[in-house]
Each structure stands twice: as C-alpha cells, then as structure tokens.
Amino acid sequence: MTVMEQRGAYRPTPPPAWQPRTDPAPLLPDARPYRVLGTEAAGSADPDLLLRLYRRLVAGRRFNAQATALTKQGRLAVYPSSTGQEACEVVAAAVLQDRDWLFPSYRDTLAVVSRGVDPVQALTLLRGDWHTGYDPYEHRVAPLSTPLATQLPHAVGLAHAARLKGDDVVALALVGDGGTSEGDFHEAMNFAAVWQAPVVFLVQNNGFAISVPLAKQTAAPSLAHKAVGYGMPGRLVDGNDAAAVHEVLSGAVRRAREGGGPTLVEAVTYRVDAHTNADDAGRYRSDAEVETWRAHDPIALLEEELTHRGLLDDDTRTAARDAAETMAADLRARMNEDPALRPDDLFAHVHAGSTAQLREQAEQLRAELAAEAEEAGR
Amino acid sequence: MTTVAARPATMAQALTRALRDAMAADPAVHVMGEDVGTLGGVFRITDGLAAEFGEDRCTDTPLAEAGILGTAVGMAMYGLRPVVEMQFDAFAYPSFEQLVSHVAKMRNRTRGAMPMPLTIRIPYGGGIGGVEHHSDSSEAYYMATPGLHVYTPATIADAYGMLRAAIASDDPVVFLEPKRLYWSKDTWNPEDPPAVEPVGRAVVRRRGGSATLLTYGPSLPVCLEAAEAAREEGWDLEVVDLRSLVPFDDETVCASVRRTGRAVVVHESTGFGGPGGEIAARVTERCFHHLEAPVLRVAGFDVPYPPPMLERHHLPGVDRILDAVGRLQWEAEN
Chain S
1 MTVMEQRGAY RPTPPPAWQP RTDPAPLLPD ARPYRVLGTE AAGSADPDLL LRLYRRLVAG
61 RRFNAQATAL TKQGRLAVYP SSTGQEACEV VAAAVLQDRD WLFPSYRDTL AVVSRGVDPV
121 QALTLLRGDW HTGYDPYEHR VAPLSTPLAT QLPHAVGLAH AARLKGDDVV ALALVGDGGT
181 SEGDFHEAMN FAAVWQAPVV FLVQNNGFAI SVPLAKQTAA PSLAHKAVGY GMPGRLVDGN
241 DAAAVHEVLS GAVRRAREGG GPTLVEAVTY RVDAHTNADD AGRYRSDAEV ETWRAHDPIA
301 LLEEELTHRG LLDDDTRTAA RDAAETMAAD LRARMNEDPA LRPDDLFAHV HAGSTAQLRE
361 QAEQLRAELA AEAEEAGR
Chain B
1 MTTVAARPAT MAQALTRALR DAMAADPAVH VMGEDVGTLG GVFRITDGLA AEFGEDRCTD
61 TPLAEAGILG TAVGMAMYGL RPVVEMQFDA FAYPSFEQLV SHVAKMRNRT RGAMPMPLTI
121 RIPYGGGIGG VEHHSDSSEA YYMATPGLHV YTPATIADAY GMLRAAIASD DPVVFLEPKR
181 LYWSKDTWNP EDPPAVEPVG RAVVRRRGGS ATLLTYGPSL PVCLEAAEAA REEGWDLEVV
241 DLRSLVPFDD ETVCASVRRT GRAVVVHEST GFGGPGGEIA ARVTERCFHH LEAPVLRVAG
301 FDVPYPPPML ERHHLPGVDR ILDAVGRLQW EAEN
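From first to last, the protein sequence lines stand for chains S and B. Numbering-wise (my numbering), the first sequence opens with residue 1 and increments by one. Numbering-wise (my numbering), the second sequence opens with residue 1 and increments by one.
The set of hints was computed from the structure by calculation and includes no laboratory data. The structure displayed is predicted, hence computed values, not measured ones. Check before you lean on any hint, since a few could be wrong.
Stated by the list, open to error - Short, incomplete list of chain S residues facing chain B, as computed with Cβ under 8 Å: (1) 137; (2) 139; (3) 156; (4) 162; (5) 187.
Claimed, not checked - Far from chain B, by Cβ distances over 10 Å, these chain S residues were calculated: (6) 153; (7) 168; (8) 191; (9) 356.
As the list claims (entries may be wrong) - Pair by pair, the computed Cβ-Cβ distance ranges are: (10) B:48 x S:219: 25 to 31 Å; (11) S:360 x B:302: 39 to 45 Å; (12) B:112 x S:368: 43 to 49 Å.
A virtual CB, placed ideally from N, CA and C, is assigned to each residue, including glycine.
Chain S extracted, bound-state conformation:
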C-alpha cells in the first residue's frame, strides 16, 4: 500500500500551469569553440577582410610590444598587455559602425586604438597622466574601466537609451574571464536580456584572472553557457581565430541592431604575457603551457591561411610590418616627451560649476605653487 493510498480520498491541488519562458536550445553555445581558419569554412572568407585583419593584427602585436617596452623605460606606470589576444581586440573595433559604442576594460587599449583613438591619448591612464585622455564622444569609446565589469551595465544603459531615442546604435562591451564573477556582470546580463537591449558582451577568456585559473573562477560548462540563464544566446568562439571572431561578433552586432537583443560571446584565448609588469606569471603557469598557446598564435594562424590561398606575398608582409614600425616609432617618440599637466586641473572638473570649498582649496594650491616658484627662482 502506498502512502497516497493510505490517505484515501485526499487529492492534492495541482500547481498552476507552468511552462519555460523560452526554449533554451537555440540559446546554447556550440560544444567547441567555433573556428574558421584551418577549416573548410576558411575558403569562403572574404580575402579583403582577411588581409585587413592581418595588417591590424601585425600593428596590434607591435603596439603591445611597444607599450610593454615603455613600461620598462618608466614611460608607462603599468601596461596590461593583450599580446596573444590581438584577434579579439582588433575585431571588436572592426565590427562596429561609427555610431556604435565600445566599452573597454583596462586591458583593452588595443581595441580603443583600433577604434581610431590616438594611441597617446589611449595610454594616458596607464601613463599616470589624466585618467581618460580622449573625449569619449569623439570615437564613441567609453573610458577604460579599471573596476571589473562595472562598464557592462553602462553599455546596457547606453544601448537601451539609444533604442528609446530611435537610433540603431549597438554597444559592444569587453570583459575578462575574471570579470564574469562580479555582480555587475550578472546584473548587466540580466538587464540586457529583460530590456532586449542592443548590446553585445565579449568575454575574452584568457585563462587567468591575474593568477587564478578559470577552473577556480567558475563551475559553468563554459562562460558562454551563462547566457542561457539570462535568456540570451551564448556563442563560443576561438579567440585566436580572427576570421571566426569576426563572423561571430558581426552576427551578434547585426542581430542586436535588428532588434534581436543581446548576445554573450566567449572568445577562448590566452594571455601570453604576464598580467602586468608587476606580475610573476612563472608562479602560476608552466612555460610548456604558454608554448602550446604560442603555437596557436592569432597572427600565425591568419598568415597560414593567407599563404595557403596565395594572398600573402613578401611585399604585403613587409608593408604590414613597415606600417607597424612607423606607428611604434611615432608612439615611442611622443611618449618620450614629458606630459604637461596643469595643477589647476585638479579642481576644473569636479562639478559643472565650483563650490566655495573648492575655490578655497584652489587658492591654497595657487599660493603653494607661487611659493614653490619663488623658492626655485631664488
């Protein structure tokens, strides 16, 4: 006799009708990172696009090397290198229209530069000069965000506002694998999906949050899988395959622009350099691991494909390297000039106007500077 039979005529009230809010199947990411280079799909990739991306990757690699060198010369206080991640960085800028917005994190200077921002202006934060050296409205690039994932809700809000105003603007927000653990990541994803905001999240999963490996960061099958819980599609892509990143990101941007809502893209890549010059990567990973990723280098992958298709001759290769050298030489020369900061600017942009308190303090600083000048002149 079962328990229910013992209870005789008792009939539990059935729960109210329930059905899933959305079909999870179309939201699920691929089982493996999507690839184009080295597969049959590469044959149909647009040669002009591949060559354009190649030139940008070569310039991007050179930019990373130059910026890293500038830290060693004391010209940059710190540089979080994106060496090895150049495909994500340059493609993030390449898939956007002029009217779209880019929301970078502190590691994404290369994406900012690829978007058209003057490299010296893009590096002011890392130089110790003013926090944001560029006008965000000029190229529609938000300030580099040092707090993790806090720029993601900004991207959602901006995209939402644009849609309310009737503009077909898309926001693309960059975040690292560590950033996906932050509350702001969760809240941004949730708001974006609820509002169906035209926003694309690109997670550059480079394996480590400073020293903490992904396995200690998340128990999710992949970071792309997190999308399903919010009700948006998750896409998994090989982050070192520029053609694949371009295809997936352009698709997500197009979908957002056409009113399809947000997408979460996880690009699987690797941070070849240490977190910054203050980091000792040897403490948490082996050289052998780094070498396996060096063998899957984004520039080498593209070079192989271009060479295979007869699209890359020595002249093209040389031209790309020369252009990168010219950019690096110009950056080096300009970064070797001492920036001219004005102490008065401390008080210039605290509020739209000023306050009696700030005017008093500005006066105090002026007096201190006058005394210093007098001392120096004596």
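Using the hints, position chain B against chain S.
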C-alpha cells in the same frame, strides 16, 4: 486667470509633483527603479507617472541596485536624465561601487567631456518603525565622495523645489528624502509651486540669539520644537536648515554662529565619523574667536540602527537637544 486655492499637501505629494513637472518639461527625464511603475513606488512617490508618461519613461527595473544605477550611467552617457529610486536607504549599498567609481568620477576622469546628470532619490532615516535595513542615515558616505552633490529637504516647498533643481543639475545628486516627513502637511498651491532658496544655501528657519542649532532633513522639525520648548528656559535658539550637505554653505552657518556664539549640530546619523564632526570642525575653524563654548553634537548613538521598539532612545529628541543647549550655557559660565 483662475485662482487655485492653497490646500494641504504632503511632502510625498510635492515630490510626486516635482517628478511629474520635470518629466513634462524635459523628455530626457526618465524615472527608474524597483516598483516605481505600476505600484507607484512603495511610498507612492512615483504614483501615476507610468500611466501618464509610459513605461519607457517610468520603468520598473529588475531588482538590482547596482544594475539600476549602472544602466542609469549608460543612459546619462547617451543624453538622458535618469532619476533613480533606491527603495530604502540601506538598499542603496549594492550600488555603491557604481556611485563612487563611476557616477561621482565620470566628469572628472573624462575632464569634463562626460557629465552625469542623474538624480538618485533615497528615502532615508528612521522614526517610522521600519525593520532592520530600512532606517539608515547614510549621508556621511555620500558627503565623503567628491563629485556628488547631497541634498536633503526638510520642508514641503523644498521637497518640490530642490528635487526640480536636482533633476535640472548637470551633476549627479544624491537626493535624500526624510521618509518620516513624507506625510507632513503644509498648505500649498498645487498650480503654483512656491519659489525656494537656491540649493547650496542654508536657510535660517527660526531667528534667535542664544545659540544656533545646525540641522537638516528629519531633524529640522525636532529642532524647531526644541527651540519652542527652550523659551521656557529663557533660551532663544536660532535654527538653521542646511538643506544641502554638498555644497556646504559655510557663509550662512558661520554668520549665524558668530551672532550667537554657540552651536549644536543635530542629526540622526551616528556621531562618530558622522556629518556633525565635519560641520563642527568647519565652524570651529572659521568662528573660533566668536565661540563661547565648544560646538556640540547631538546625533544618533554609534550603534547599528536599532530595532523599532528602541529607536526613540536612539533618535535625537527634544530633551537631548535641550540638554546639549544647557551644557553650552554651563561651558560659557564656567
């Protein structure tokens, strides 16, 4: 021209009216927060706005304060003027990183290129029998964050006028609404809201010569009551309503203290590290030679906000204020 008679209005109604008028005047103004739409807010401050202006302009958001403020930052970047409601004082804490790291600093870090014209409305303070996390006075945190303005009205006219000013400001304003004054009444012509003193100026609410009570928000009525009671002791107290904590009106405050020679700062917030310490220090630095006694503070005790059944012992009341005033007299005579 039709004349509309003045009728009793509450502070809550004045705030609603301010939001409505601001939204009607400027299509960039968007109200957002938890329950602000269909419900009209748990205090009904946003009542009717979604019906009048649509859900795109008065939006029920997911329940997530960092997300509310973070998306508002993005909306402000695109030229809107978001007015965010944080349901209760202590519920605003999850949004603190957005407030401190982005809202307060965006103008500064972009060297003026990216202003943050957004208003964060926070019902604050105790005295309504709220359970844990519903009665905090968090103004010291906001005051200590450069880049923010901190307003807190104490009268119904100020509730209307200062909220309009906050929304019109090109800077972020933390707008602290003293929730126990939501239902205070005053006669008010709803068709012709009264003009108010510019924000950033303190206002002398009661003239007196014996000592100055420096206060704001929920403690203003308590101070006015204490000033009336003090007459029996022969003390003639001046009461200054600070209205905005940032910017701070040193001029009005110091003019009053120099005249009376004695000052007590009164607020609900805790005393240690609280607003009163800053205010007392400012007054002492500027008025030392006019002072007949040390500047005293009457504040909430330095305890986590107590359970409702004990809050009357925590909140500064008339007796505690009069006791402090008495000590000012003693200091002066000995």
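How the hints compare with the structure:
A cut of 8 Å between beta carbons decides the hint on residue 137 (chain S): the least distance to chain B is about 6 Å, and the hint holds. A least Cβ separation of about 12 Å between residue 139 (chain S) and chain B goes past the 8 Å threshold, and the interface hint is therefore violated. Residue-level restraint check for residue 156 (chain S) holds (minimum Cβ-Cβ distance to chain B is 5 Å; threshold 8 Å). Hint on residue 162 (chain S) holds. Least Cβ distance to chain B is approximately 6 Å, under the 8 Å limit.
With 8 Å as the threshold, the beta carbon of residue 187 (chain S) comes within range of chain B, its nearest partner Cβ sitting at about 3 Å, so the hint holds. Distance check for residue 153 (chain S) against chain B: the nearest CB is about 3 Å away, which does not clear 10 Å, and the non-interface claim fails. Its beta-carbon lying about 13 Å from the closest one in chain B, residue 168 (chain S) satisfies the requirement of being farther than 10 Å from that chain. Taking the minimum C-beta to C-beta distance to chain B, about 5 Å, the non-interface status of residue 191 (chain S) is violated against the 10 Å cut.
Residue-level check failed: residue 356 (chain S) sits 6 Å from the nearest beta carbon of chain B, not beyond 10 Å. The beta-carbon spacing between residue 48 (chain B) and residue 219 (chain S), approximately 46 Å, falls outside the hinted interval of 25 to 31 Å. For residue 360 (chain S) and residue 302 (chain B), the hinted distance range of 39 to 45 Å is not satisfied, since their beta carbons lie about 30 Å from each other. In this structure the supplied range 43 to 49 Å is violated for residue 112 (chain B) paired with residue 368 (chain S), their Cβ-Cβ distance being about 24 Å.
Going down the numbered hints, you'll see the structure goes against 2, 6, 8, 9, 10, 11 and 12, while the others check out.
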